[in-house]
Structure formats: structure tokens, C-alpha cells
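Protein chains in written order, with full-length UniProt numbering: chain D, 1 to 280; chain V, 1 to 110.
Please keep in mind that the hints were generated in silico from the structure rather than gathered at the bench.
Take these hints with a grain of salt, some might be off.
Below, computed lysine to aspartate or glutamate pairings styled on EDC-like, alpha-carbon distance capped at 20 Å [said to hold, decoys possible]:
#1 V:Lys77 <-> D:Asp95
#2 V:Lys77 <-> D:Glu188
#3 D:Lys228 <-> D:Asp273
#4 D:Lys114 <-> D:Asp95
#5 D:Lys143 <-> D:Asp264
#6 D:Lys216 <-> D:Asp177
#7 D:Lys49 <-> V:Asp49
#8 D:Lys141 <-> D:Glu125
Which bits of chain V does chain D cover? Going by a derived footprint, with three or more residues having C-beta under 8 Å, they are [what the hints assert, rightly or not]:
#9 4 to 16
#10 25 to 37
#11 56 to 66
Away from chain D, derived, C-beta distances all over 10 Å, residues of chain V [said to hold, decoys possible]:
#12 Val40
#13 Gly43
#14 Val90
#15 Gly93
Heads up, the beta-carbon is just placed ideally off N, CA and C, and yes, glycines get one too.
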Amino acid sequence: MSNEGETPENRLRRELPEEVPAAAAESSGPEQLDEKDEPSLTGRQRLVKGLWPPRVTRAQLIVALLLFGLGFGLAVQVASNSDSGSALRGARQEDLVRILDELDNRTQRLEDEKQGLEDQRTELENSSNQAAEARKQTAEKEKQLGILAGTVAAQGPGITLTINDTKGTVKADMLLDAIQELRAAGAEAIQVNGVRVVASTYLADSGKGVSVDGNKITQPYRFKVIGKPQDLEPALNIPGGVVQTLEKEQATVTVERATKIIVDALRAAKQPDYARSSSQ
Amino acid sequence: MIAVLGLVVGVVAGLLVRPEVPAVVEPYLPIAVVAALDAVFGGLRAMLDGIFDDKVFVVSFLSNVVVAALIVFLGDKLGVGAQLSTGVVVVLGIRIFSNAAAIRRHVFRA
Chain D
1 MSNEGETPEN RLRRELPEEV PAAAAESSGP EQLDEKDEPS LTGRQRLVKG LWPPRVTRAQ
61 LIVALLLFGL GFGLAVQVAS NSDSGSALRG ARQEDLVRIL DELDNRTQRL EDEKQGLEDQ
121 RTELENSSNQ AAEARKQTAE KEKQLGILAG TVAAQGPGIT LTINDTKGTV KADMLLDAIQ
181 ELRAAGAEAI QVNGVRVVAS TYLADSGKGV SVDGNKITQP YRFKVIGKPQ DLEPALNIPG
241 GVVQTLEKEQ ATVTVERATK IIVDALRAAK QPDYARSSSQ
Chain V
1 MIAVLGLVVG VVAGLLVRPE VPAVVEPYLP IAVVAALDAV FGGLRAMLDG IFDDKVFVVS
61 FLSNVVVAAL IVFLGDKLGV GAQLSTGVVV VLGIRIFSNA AAIRRHVFRA
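One chain only, chain D, in its complex shape (with noise of 0.2 Å):
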């Protein structure tokens, strides 16, 4: 650091003393007497005899006014430097157009950015519709499936068939023809004495009684239908029908019809032992 010092030192001790003299010739000002007076003083002597006694020469008020203007630049400088919001006020016009380039830039990927997020957003929004959708479709499916399969209870119109066989005449291909009837007219969900009738349904002579699905039932049969009661009372009454049929046997056989039937009867869905869907 000494070193790289004294180069420059010494070139500008070298330099100015050419110009001082000119210029103490021409001021002599009191400074330059005193200095010339007391030649050994050392520096630090020089700064506290010029700081102390304060002299108002024409030097000290022009030094003054000159260090008043710095003062007062580099106040104002600072003051404007620390504005808030005005970082960009000293910036040139190039630094300028390159800050508004960049946000320029900057905005325009962010643009495009929310645009795929957009996109992004609209697609997930349209495949969990089509998810919910589809989620829908397969309960309402479930449900009808369910009550082709007797899982559920189901409610609607329909009519109630109520076979008084006291003396026991009345056989299970009776009851099976009735069934078949039945579905023929259109009937959606059958049960007969608490027993829900399926697909897989079979009846068989018990005794005294029939036995549905394995369930024994006894008279009165009643079965509890739901269909168009307009279509299945008909199909049960024409000629030589089930209802004929049944009353040949000598049993009463009454048909009513009901706003309202509930099929409450389940059956405890049964996964198939050999048959698989095919589908897919």
C-alpha cells in the first residue's frame, strides 16, 4: 500500500509546487505568509492551527461556499438515491428500455405460464366431470341392476296376488306359471312370502307347502308385484289364465291393485362361481 502510494504522491508533490508559488505570488494571502514564517511545522500542526482559531478570510468563505454546494449536493443526492419507489428515477434511458424489455419479457412467460396452468386447470376440471359422470351413471346403474338382482328394496305401483289354497292343491308349477306371468306383463320386482324373486329362482314342491329358493313357504301366497298394474292384472285374469287356472284347483285367488308396493325382501348379492363378464 506505501508502496503503490508514493508514486502518485510524489508526481503530485511534483506537480504542485510549479503551480503554488504562481499562485502564492499573486494571493499572498496571510496562510502563505504564516507558512512561509513556520517552515517545520508538521502537518498535523497545520490542521489544527488551520481548524482552530477560526479566521474569516477571503480563502476560509470561498472554501466555505464552495464545500457548501458539495455538502449541499450530496444531501440532495442521497436524500433522492433513498426515495422509496425511485430506484429507477436515476437510471438512464437505455438501463430503462432494457428494465421494461426484460419485464416485457418476463411478462410475457408468466402469460404463458398461466395459460398452461389454465389449460391444465380446465382439463382436470372436464376429466373430474366426466369422472363424476360416470361415478353417477354407475350407481344409478348399481340400482337397477340391484333390483333386477334383489339387493335392493324397490317401491312404485303394482299389484298384490293373494292365493288362498286351504286345501292344499295349489303346486309349485302353479305358482312358477303365475311368476312366468307375471314377468311376461312386464313385472320389475316379485316377492312372495318375504322371499324376493330372482333370475336364479327356483320353486319346488315341500310338503304341504312350496319351497321358494329353498325357503318354505305355506299358504296364503302372497305375492307382492311391482309393474304397470294395468298390464299385469289382465295377464293374470284372461281365460284360462293363471287366476282360472288357480280357481280350477279351488283356490281363491284375489288380484289387487296399489299405488304403492314396497319389495323389501332381499337377497344377498352371490358372486358366480364360473361365469365371468366377458366385456373387456
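Based on these hints, arrange chain V on the given structure of chain D.
Okay, now just chain V, sitting in the frame of chain D:
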């Protein structure tokens, strides 16, 4: 002493008044301030060396400021304003440092 008072009064006035810097002067003010600082340090050093002269100081102060502003102005016109101001600040900074080193040797004898 009066010179130091002038500096203090200037700073206080600048802080109190807080004038709006005119747009024309705005790019040159920082450079001018640095140039003036350089002149002040040079003057302080000359005083410690015992060769201080108010005329020299005034001329060097004003010419420093004017030349610095002129260089920045020219740089702005040539389209290299930013680089030239950096250069000016670097040169003035080096001068301030060397002057400060000389002052330090006088004041602290080290």
C-alpha cells in the same frame, strides 16, 4: 473552521430542503459530487502538506466538477454514458484513495 462549517451547513440544508433535482442535472449530480469530493480531499492534503492555495483549490474544484459532468454528458451523447461514468468514478476513487493515504500519513504518521 469556517470551511468545515460550510460543509455541515450544506449537508443540513440539503437534508432539510430536499429540493427536487431537475431532470437535466440528474445524471450529472452524482459524478459532480464525487469529483468535488476528490477536489476536497486534494485540498485537504495540500493543506497538510503546507502548500494549500485557495485559488488552486477553487479552480480545481470547479474544473473537476465541470470536467466530470462534461465527460458524462459526452458519454451520454455517444451512447456509452454508463461505462464512462463508471470510468470517471473509478479514476476519481483512485485519486481519493491516494489522497486519503497521504492525509493519513500526515495525521496519524502511519
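Now for the hints, and whether the structure bears them out:
no.: 1; hint: V:Lys77 <-> D:Asp95; verdict: 15 Å, holds
no.: 2; hint: V:Lys77 <-> D:Glu188; verdict: 95 Å, violated
no.: 3; hint: D:Lys228 <-> D:Asp273; verdict: 35 Å, violated
no.: 4; hint: D:Lys114 <-> D:Asp95; verdict: 28 Å, violated
no.: 5; hint: D:Lys143 <-> D:Asp264; verdict: 14 Å, holds
no.: 6; hint: D:Lys216 <-> D:Asp177; verdict: 18 Å, holds
no.: 7; hint: D:Lys49 <-> V:Asp49; verdict: 13 Å, holds
no.: 8; hint: D:Lys141 <-> D:Glu125; verdict: 24 Å, violated
no.: 9; hint: 4 to 16; verdict: holds (count 12)
no.: 10; hint: 25 to 37; verdict: holds (count 8)
no.: 11; hint: 56 to 66; verdict: holds (count 5)
no.: 12; hint: Val40; verdict: 6 Å, violated
no.: 13; hint: Gly43; verdict: 7 Å, violated
no.: 14; hint: Val90; verdict: 14 Å, holds
no.: 15; hint: Gly93; verdict: 13 Å, holds
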